[in-house]
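Colleague: 1 is the number of the first residue of the sequence shown in the UniProt record's numbering; add one for each residue after it.
It is possible that some hints are incorrect.
As a list, the in silico DSS-like pairs of lysine-lysine whose alpha-carbon atoms are at most 25 angstroms apart [as the list claims (entries may be wrong)]:
# : residue 1 : residue 2
1 : LYS282    : LYS335
2 : LYS165    : LYS280
3 : LYS329    : LYS282
Keep in mind the hints are simulated off the structure, nothing from the lab.
Bear in mind the structure is a predicted one, so any value in this text is a computation, not a measurement.
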Amino acid sequence: MGASFRPSTALLGAFLSSFMIFCLYPKPVLGITRHYKFNIKLQNVTRLCHIKSIVSVNGRFPGPRIVAREGDQLLIKVVNHVPNNISIHWHGIRQLRSGWADGPAYVTQCPIQTGQSYVYNYTISGQRGTLFWHAHISWLRATVYGPLIILPKLGVPYPFAKPYKEVAVIFGEWFNADPEAIINQALQTGGGPNVSDAYTINGLPGPLYNCSAKDTFKLKVKLGKTYLLRVINAALNDELFFSIANHTLTVVEADAVYVKPFNTETILIAPGQTTNVLLKTKPRYPNATYFMTARPYVTGQATFDNSTVAGILEYELPPNGFHSSISIKELSLFKSILPALNDTSFATNFASKLRSLASARFPANVPQKVDKQFFFTIGLGTSPCQHNQTCQGPNGTMFAASVNNVSFAMPTTALLQAHFFGQSNGVYTTDFPSDPTIPFNYTGTPTNNTMVTNGTKLVVLPFNTSVELIMQDTSILGAESHPLHLHGFNFFVVGQGFGNFDPNKDPKNFNLVDPIERNTVGVPSGGWVAIRFLADNPGVWFMHCHLEVHTSWGLKMAWIVLDGKLPNQKLLPPPADLPKC
Numbered sequence: 001m002g003a004s005f006r007p008s009t010a011l012l013g014a015f016l017s018s019f020m021i022f023c024l025y026p027k028p029v030l031g032i033t034r035h036y037k038f039n040i041k042l043q044n045v046t047r048l049c050h051i052k053s054i055v056s057v058n059g060r061f062p063g064p065r066i067v068a069r070e071g072d073q074l075l076i077k078v079v080n081h082v083p084n085n086i087s088i089h090w091h092g093i094r095q096l097r098s099g100w101a102d103g104p105a106y107v108t109q110c111p112i113q114t115g116q117s118y119v120y121n122y123t124i125s126g127q128r129g130t131l132f133w134h135a136h137i138s139w140l141r142a143t144v145y146g147p148l149i150i151l152p153k154l155g156v157p158y159p160f161a162k163p164y165k166e167v168a169v170i171f172g173e174w175f176n177a178d179p180e181a182i183i184n185q186a187l188q189t190g191g192g193p194n195v196s197d198a199y200t201i202n203g204l205p206g207p208l209y210n211c212s213a214k215d216t217f218k219l220k221v222k223l224g225k226t227y228l229l230r231v232i233n234a235a236l237n238d239e240l241f242f243s244i245a246n247h248t249l250t251v252v253e254a255d256a257v258y259v260k261p262f263n264t265e266t267i268l269i270a271p272g273q274t275t276n277v278l279l280k281t282k283p284r285y286p287n288a289t290y291f292m293t294a295r296p297y298v299t300g301q302a303t304f305d306n307s308t309v310a311g312i313l314e315y316e317l318p319p320n321g322f323h324s325s326i327s328i329k330e331l332s333l334f335k336s337i338l339p340a341l342n343d344t345s346f347a348t349n350f351a352s353k354l355r356s357l358a359s360a361r362f363p364a365n366v367p368q369k370v371d372k373q374f375f376f377t378i379g380l381g382t383s384p385c386q387h388n389q390t391c392q393g394p395n396g397t398m399f400a401a402s403v404n405n406v407s408f409a410m411p412t413t414a415l416l417q418a419h420f421f422g423q424s425n426g427v428y429t430t431d432f433p434s435d436p437t438i439p440f441n442y443t444g445t446p447t448n449n450t451m452v453t454n455g456t457k458l459v460v461l462p463f464n465t466s467v468e469l470i471m472q473d474t475s476i477l478g479a480e481s482h483p484l485h486l487h488g489f490n491f492f493v494v495g496q497g498f499g500n501f502d503p504n505k506d507p508k509n510f511n512l513v514d515p516i517e518r519n520t521v522g523v524p525s526g527g528w529v530a531i532r533f534l535a536d537n538p539g540v541w542f543m544h545c546h547l548e549v550h551t552s553w554g555l556k557m558a559w560i561v562l563d564g565k566l567p568n569q570k571l572l573p574p575p576a577d578l579p580k581c
C-alpha cells in the first residue's frame, strides 16, 4: 500500500503566503525572466607580483556581466561561501516598489551571512543603458563588482547610429593589502586609510606599473568602425579622467540616460557613475598603437593614489596589405594627454556639457513645482577619540564625515524592515534636519569647531512629493568634490556653482528644460549642486558619498518614501527568503 502525504495546515499556509508574495511582484512587461547565480567565493588573484585571496563572484575578477533588456525581470540568487557578510547593490536600478532587492546592508536588508543565500528579484522598468552592480557592505566592493547592461526593448533603436561593437570598460582600484583590514585599521586609529596600489581597467593595472605589463587590457579594433564603450567607474575612492590618445570620444549617455551627444578628448567620471561614449576608429591603418589612460581628479587634502592605469588600443592589420609583416612592437605608441590632477575648470566645463535629450521619445520630466526644499551641507569633520587614547585624525581626533553635521550611525537591523513592520523604536528617528542646524560661511574660513553629531536620522516624504535638494560642500578640513549617490531614483541636476548657494539669485539660473538626469552627481569642490526628483517610489532609500572612505566616516543618510493610496503605489511585501540580522 503506497504512502500518502497530507500537508499540514501551517505548511499549506506558508506555501500559499510565499506564492502570493511571488505573484505580487511585478512581472516583466513584454520582457522575459532572466536567471543568474552569484556564488560569493574566495579566489586567489595575482596583480603587481602580489598574490592574494579576494572575495569574488563565481571566482571572477571583475565579476560576471549581467545583460538584460528594458522590461525584463531578473532573479539573481546570491550564495555566500565566504566568512564575510555580503550584500549586492544593483547601482542605478530604480527598484520600483521592490526596495527589498536594492541591496545596501542594514538599509534595505540584513546582509547575507556565511552559508546563506538570497534571491534578488526585480523588474527593469523604464530604463536602458549602462549600470553596474557591486557589494554594498564595508569595502568589499573593491573586488566584488561587474557591469549591468540594459539593452533597449527588442526592435527599439538607440538614438544614435548602431555601433559595430559594444565594449565594457570598468575602472577599479587594486590594493596589495586586504581592503577590509585597511578600513578597519583606519576606523580604529581615526586616521585616513592607506591608498590603493594601482587603478585597473577591467581588472588589469597595465604596463605603467611594476610587474604588470602582462596584465594589460587591450582593445583590438577594425578600421573605419564605430565602437560603443560602456565606461564604468567602480573605483573605491577616486574620480578619474579618461582619454584615448589621438582619438575623439562622443558622449551619448550618462548613468543609463541618453544625453545630447558632444565630442571630447577626455571624460571625467566619478565613482558610481557610468558614461557611454562612441569611438570612431581611423579609416586607414595608422602604423601605431594608442594608450587608453585614466588617472585621478583630486580636490581634497588627503593622500591619494597618484598613479595612471593604461590599456592599449590596437588596430587589426588590414588583410593582404603590406602592413601584414609589421610587428606590434615596431609600431609607434602614442600617449594620452590628461588634464592636471586638480583641473576643476575642466570638471566644471565637462559637467556643463551634459544635457538630457529632452526629445519626444526621451523627455526630461523635470519637476516644475517644488513641494519640499532641503539644504544639506556635505563635508568632513571630526569625532572625539575613544577610550582616552590619541587618534591619528586632526589634532588627535578621529576623522568623520556628515550631512548637515549628522554623521550617520548604521543600525544593527535593516531600516526597511523596521519601517515596513512599524518597529522603528530604537532603530531610527525621523528628525533629520532639513537645513543646517547652525548656518555658517560654508566655503569661507573654516570654523574652529569641527565636531560632528551622530545619529540614525531619516527624512520622511509623502508619496509623490516633489523635492528640491541643495547640496553644499564645506571648507571644514578642506573643500572637496563629493560624488553623491541616491538609491531608488534618478534626479535632475538643475544647477551648480561655486561658493555658497544664494537662494535669492542662483535659482534664477536653474535649467528646468534639459538638465542632465542621473543617479550620482559630484558636489563641486567649494561649491554646491541643486537637484530635483519626484518621490514616487515607496521604501527606504540610502543617499551617500560614493567615495567609500567618506561613507565609512558617516557621509550618508536615508529617505523614507511613504506608500501612496493606490495599490500600485505601495511597497510590496518582503520576500520569504529575506536575510535576518
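Colleague: If a hint holds in the structure, say so; if it does not, say that too.
Modeller: Here's how the hints hold up against the structure:
1. LYS282 to LYS335: holds (16 angstroms)
2. LYS165 to LYS280: holds (11 angstroms)
3. LYS329 to LYS282: holds (20 angstroms)
Going down the numbered hints, you'll see the structure goes against none, and every one checks out.
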